[in-house]
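As a plain string of letters, each chain reads:
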Amino acid sequence: MNTSIHHDQVGCRTAKDINKLPTALTRKEQADFEHFPATSTSTSISSEKSTPACCILCSASTLSIGHAVSTPDTPDSVAMAVFSLIIINKAGGLIYQREFQAGLRKLSTNDYLVLAGTFHGVHAITRSITPKLPLAPTTNSPAAASPGSNTPVASGYSYPIPGASVSGLEYLETDKFRLTCFQTLTGTKFLLFTDPMTGNVDTIINKIYELYADYVMKNPFYQLEMPVRCEAFDRHLGAWLRGRT
Amino acid sequence: MTVYSFYIFDRHAECIYKRRWLPRPTSIVGKSNQVPGAAPAGLGQTVKAGDDDAKLVFGTVFSLRNMVRKLGGEEDNFVSYNTSQYKLHYYETPTNIKFVMLTDLKSPSMRIALQQIYINLFVEYVVKNPLSPVEHPGGIGVNNELFEESLEQFVTRVLA
Chain Y
1 MNTSIHHDQV GCRTAKDINK LPTALTRKEQ ADFEHFPATS TSTSISSEKS TPACCILCSA
61 STLSIGHAVS TPDTPDSVAM AVFSLIIINK AGGLIYQREF QAGLRKLSTN DYLVLAGTFH
121 GVHAITRSIT PKLPLAPTTN SPAAASPGSN TPVASGYSYP IPGASVSGLE YLETDKFRLT
181 CFQTLTGTKF LLFTDPMTGN VDTIINKIYE LYADYVMKNP FYQLEMPVRC EAFDRHLGAW
241 LRGRT
Chain Z
1 MTVYSFYIFD RHAECIYKRR WLPRPTSIVG KSNQVPGAAP AGLGQTVKAG DDDAKLVFGT
61 VFSLRNMVRK LGGEEDNFVS YNTSQYKLHY YETPTNIKFV MLTDLKSPSM RIALQQIYIN
121 LFVEYVVKNP LSPVEHPGGI GVNNELFEES LEQFVTRVLA
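Protein chains in written order, with UniProt numbering: chain Y, 1 to 245; chain Z, 1 to 160.
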């Protein structure tokens, strides 16, 4: 599809490039975008309100987001509708919440705090209700014998996938969105709300973790376990997500 | 595909039916990741653990359902979730009866299957049974031979 390649080119441009661009090209692009189906514009208008559109290119890239939502079958999984991101610290407290695109209902700050705490608890329970498959007392399963695995040996049961570690909730699917939870080794949880059709969510969440490590953890003024207020993180996160769509 | 367990909760948060399938060759065909010759564990311990399980499962799906409704709107439905070890499928009827099934990760969406269990088995054999209680105070539960038998058949033949 021609349009998707075109989107990529537009999306990759950073603020610096804007100045170098000839206005004729910008106008041509603007004209191109006007040919988009009417379905995409409704989404783009609502997302334009939330993101500051500083120039034609910025608004163009938000337009492409709206377009990507309407056609999830674009090749190379360019369709990336990321609704919002929540970061929960290891104690279950909400430390970061940001909405990228409209699609989910907006909650009050208090509700987000409750949501973070609830999810933290549910995550622990989903881990503890992992089915335990009983083993024959005499059977010495290879997984149970291997050192360092999570399989309990004494109580005589094994988990469905003996080699893998036992984790809590990783993906949650509903009719309208998909929630991906990534837990770091230190217990911080990243919750990414995306469109159910969005592909490559693991890549997105890994990149977000990378940005978090670079701009939050390496920030000397950031206090551990406290709400994230790092402008650089916000900026890079926004720019990267916009660049991907 | 392997089904590990199946739960029904009524609108009063009571677990009215609970069934676990042990990965024995006789009960489930095509099971994987299990050492051949595995036998059921000591009965007493299993039953006790299962009792707690039902409450935990209910708490989980109840919280997640409310969370999903809050974020996605009233008409959004919680469908399933995965962990690294298992997958939980959820279906709720308009009368707030909740059907929950735990399967392995390879299973496709079981929403239709749960709906079929509700329509073809639960309604037919439990709801339409004049002897079956409407409410289940104190967790009497569905004690219906026909339902249990057909559920067993459904899970072992249709889903396996």
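In short, the hints are calculated from the structure, not lab data. A few of these clues could be false.
Stated by the list, open to error - The calculated DSSO-like cross-link candidates involving lysine-lysine, where the alpha carbons are at most 27 Å apart (straight line), are:
1) Y:Lys90 - Z:Lys70
2) Z:Lys70 - Y:Lys176
3) Y:Lys132 - Z:Lys55
4) Y:Lys90 - Z:Lys55
5) Y:Lys176 - Z:Lys106
6) Y:Lys106 - Y:Lys207
7) Z:Lys70 - Y:Lys106
8) Z:Lys70 - Z:Lys55
Hints versus structure:
no.	hint	verdict
1	Y:Lys90 - Z:Lys70	23 Å, holds
2	Z:Lys70 - Y:Lys176	12 Å, holds
3	Y:Lys132 - Z:Lys55	16 Å, holds
4	Y:Lys90 - Z:Lys55	25 Å, holds
5	Y:Lys176 - Z:Lys106	22 Å, holds
6	Y:Lys106 - Y:Lys207	25 Å, holds
7	Z:Lys70 - Y:Lys106	9 Å, holds
8	Z:Lys70 - Z:Lys55	22 Å, holds
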